[in-house]
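Trainee: The chain contents come next:
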Amino acid sequence: MKKNVFILISLILVVSLLAGCQSKGPDKLVVAARGGSHVTAMEAVKEAFEKEHNVQVEILGLEAADLKQKISLDAKNKNGAYDVIMADDPWMPEFSEAGIFANLSSLGVTEDADFEASSLALGKHPYATGELYALPFSGNVQLFFYNKQLLDKHNYEVPQSWEEVLSMAKAIHEKDGVAGYVIRGQQGNPIVSDFLPIFWAYGGQVFDENWSAQIDSEAGKKALNTYMELLAVGVNYETTDIVSSLSTGQAAMALGWPSWFITGEEASAEYSPVPAQAADGAEAFATGMIGNWMMGVTANSKKPELAAEFLTFITSREIQKQMVEHGGVPTRKSAYLDSELSAKYKHFPVQLEALENSVARPRTPLWSRVEEALGTELSAAIAGTKTVGDALSTANQKINQIMK
Amino acid sequence: MNLDSKQRFQWAMLAPVIVLLTGLTVFPIGYTILNSFTDYYYLANESKQFVGFANYIKVIQDEVFLKAVWNTVKFMVLAVTAEIALGLGLAVLVESLKRGLKILRISFLLPSLLPPVTVALIWQMMLSNHNGIINHLLSYFGGGPFNFLMDIHMAFYAILFIDIWQWTPFAFLLIYAALQAVPKLQYDAAKVDGAGKGRIFLHITLPNIMPSLLMVVLLRTIDTFRLFDKVNILTGGGPANSTTTITQYIYRHGVYNLQIGYGAAASMIMVLLVLTFSIFYIKRSIGGNGHDLRY
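Those sequence lines, one after another, are chains C and P.
Add 298 to a position in the first sequence, counting from 1, and you land on the number used in this note's numbering.
Position 109 of the second sequence, counted from 1, bears residue number 93 in this note's numbering, the numbering being contiguous throughout.
No lab work stands behind these hints: they were computed from the structure.
Where is the CB? At the ideal position from N, CA and C, for every residue including glycine.
A few of these clues could be false.
Selected chain P positions facing chain C (in silico; Cβ < 7 Å) [stated by the list, open to error]: (1) Leu27; (2) Ser112; (3) His114; (4) Asn115; (5) Met134; (6) Ile136; (7) Gly220; (8) Gly221; (9) Gly222; (10) Pro223; (11) Ala224; (12) Tyr240; (13) Asn241; (14) Leu242.
Working from the sequences, and respecting the hints, build out all of it.
Mentor: Encoded structure:
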C-alpha cells in the first residue's frame, strides 16, 4: 500500500514538473527600479499594459546604491537581466558613456515637448543636446520648507535671499529657543545636496567651462560661511528629524525634497522654491537642485522593442496622471497644469516653478567621486576640523585630481 | 588496495574540496591580486591597463585611507577589549547564579541574533537627536539632547557602543561554555587550600578558559576589522571621516564607484593588516605551544 502511494506521488510530481516545463506563459519584462513610492505607483498601473501586450511586468524595488551596483554589473552581460532600468539623474553621464542604455530614438521613442524641458534634458547624452537615452520618470526637485506658524509669529514673509534666511533664523533661534534652520550635514551626498543650492545662489559653479574646479572661490567661501552661520543658530539632522522638527515647530526652515514633507494631498510644512539670491537686490540664480529619476531601456535587453513600449506607456500623459494618485511625481507639464490634479495637489504649481528654474548637478561621469570628495571637506568644515579656506582649497585640489 | 589505487582514491575524495577551494578562494584571491595592479574600472569601454604599484602608492598616500586604518585599528582594540571584559564578567556572573540562568542566558544573547543592518536601523531611531528615546530619557534627567551620530566627538563612540552591545553576548556565550568545562575538583582543592575568590579566578578559572578567550579575541578581531554596515547606515563615514573604516573605503571605491583595480589594492592592504594582527594567534594555533586554540 505504502509503495503504491509513493509511486503515485512520484508520478504526480514528475508529470507536474514536465507540464511546468512545457507550458509557455506570457513574456516577462523586468524593471529594475528605485524602491518605495515609485514601485507602488508602477504596480498600480501596469495591469493595462500587461493585458494589452500579454506580458508580465516584474518590478524589482531596490535601494539606490544597490540599484546602481546591480545595473552596472549586469551591463557587461550579453543578455541583460533587466529590460527597463531607473537611474538617478547624476548617474546618467556615467551610464550613457558606458553604453548601458539603448538609444531611444532607434527604438522609435520620440521626444515629447510635454515633458518639462529641464527634466527631458537629463535623459540626453551629451546633456541637453545629444541623443535621447532615458525619459524622466519622477520629477523631484528641491524646495525650501518652513514652519508657517513660526514665521507668522514673527510676521515674516517667505525669505527670498539667503541673508534673509540667516537673519530670520537668528531671530527665531534667539527669541523662541528653537532651531532657526536645519542643515542636512551628513558626510557624502546629503551635505553636498544641502550646500550646493546656497553655493549657486552666491553665483558659484562647481566647474568652469574647462572642467576646472571652482569650489575654492569667493562664492564658495561666502556660501560655506553662511551655511555654518545657519548651523550656529540651528541644528544638523538627518531626514526623519528634519521633517519632524519642522512639522512640530521645533525648527523653522530647511531645504528638502517634496516626498519627505508631502504625502498625497497633505504637506507637513509649507514650501516655496529655494531662495535664488545671496542677498536682497543681488543677482538671482537658478538654485533648486533637480533630482529626477530617469527611466530607459537597457542596451542588452532581450526585448528592447517591448521595453520601449513599456517606457512610452509608463511615462505617458494618462498614466502619469493615474500614478499621481499612488504617490507618483509627474515630469509632464500637462500633469502639473491639469486643473483637477492641481486643485487637489496644492504643491503642483510650486513644484513646476521649481522644476522650470532648477539646476542639474555637473554632468560628468565622475560626479559620484567629485561629490564624495566635496562632501568630505564640507563635513570637515562644519565639524570644525578644518577652516573654511582649508576645506575649500582641499576640495578644489581633490576634485581637480579626480577630473585629470 | 595497492598504493596507486589508494592514491587515486585519496585524490578522488579530495577533488571536490580542491575544486571548491580553487573556485571560491584561490581564484578570487589571485584575480584580486592581479586586478590590484591594473586600472580596471568596471564600466570602462577600454580594456584594463597594467599600472604596477600605482594603486598601492595612491592608496597609501590617501589621507582618507590612513584615517580609515587608524579608525579601524582604534575601533578594533577598544571593541574587542570591552567585549571580552564584559563577556567575561557576564559569564562569571551567570555561572555563579543559582536561579534565573535560562532567562538570563537567552536575554543576553538576543542582540547578537539580530542582523547588523537591523541593529543599525534600530539604533538610528533610538539615537535620533529629535525623536530618539535615548535623548528623551536623558532630557528626563536634565541632560542632552546630544547629536550622537553627527557630532565629531561622539559619532565614533556611538558606533563603538552599538557594536559592544551587539557582540558582547557572543563573547559571553563562548566564555560561558568554556567555564562549564573547568573541572570542579580544582575549585574544591583550592578552597580546601584556603584560596580566596581572586586567586581562584586568576590561577584556576583564567588558565582553564584561556584557549577559548584567545579564540574569542581572534574571531572578534577579524570581525571588527570588517566593520561596515553600522558605519555606512549611521554616519556614512562622517563627520569629517571620523568614523570611516577600511571596508567602507573599499566599498566606496571598489563597489559603489566600480574602480575595481583601486578597490582591489586597498583590499590587499587590508588583508595584510588583518594577517599582521592575527599572526600571533595563527602561529599559536598552528605551533600549538602554550595555550593552543583548539576549541
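Trainee: Report holds or violated for the interface hint on Pro223 (chain P), using the least CB-CB distance to chain C and a cut-off of 7 Å.
Mentor: Because about 4 Å separates Pro223 (chain P) from the closest Cβ in chain C, which is inside the 7 Å limit, the hint holds.
Trainee: Could you check if Ile136 (chain P) really has its C-beta closer than 7 Å to a C-beta on chain C?
Mentor: holds, 4 Å
Trainee: Would the stated hint for Asn241 (chain P) survive a check requiring a Cβ distance to chain C of less than 7 Å?
Mentor: Since chain C brings a Cβ to about 6 Å from Asn241 (chain P), closer than 7 Å, the hint holds.
Trainee: So, as I understand it, the hint says Leu27 (chain P) touches chain C; can you test that by seeing if any CB pair is closer than 7 Å?
Mentor: holds, 4 Å
Trainee: With a cut-off of 7 Å, does the beta carbon of Tyr240 (chain P) approach a beta carbon of chain C closely enough for the hint to hold?
Mentor: holds, 6 Å
Trainee: So, as I understand it, the hint says Ala224 (chain P) touches chain C; can you test that by seeing if any CB pair is closer than 7 Å?
Mentor: holds, 4 Å
Trainee: Minimum Cβ distance from Gly221 (chain P) to chain C below 7 Å?
Mentor: holds, 6 Å
Trainee: Given Gly222 (chain P) as an interface hint, is the shortest Cβ-Cβ distance to chain C below 7 Å?
Mentor: holds, 3 Å
Trainee: Does His114 (chain P) meet its interface restraint, that is, does its C-beta lie within less than 7 Å of any C-beta in chain C?
Mentor: holds, 4 Å
Trainee: Hold the hint about Asn115 (chain P) up to the distance rule: shortest CB distance to chain C must be less than 7 Å.
Mentor: holds, 6 Å
Trainee: With chain C as the partner, please determine if Leu242 (chain P) meets the hint condition of a C-beta pair closer than 7 Å.
Mentor: Constraint on Leu242 (chain P) satisfied, holds at 6 Å.
Trainee: Can the hint on Ser112 (chain P) be confirmed by a CB-to-CB distance to chain C that is less than 7 Å?
Mentor: holds, 6 Å
Hint violations for this structure: none, all hints satisfied.
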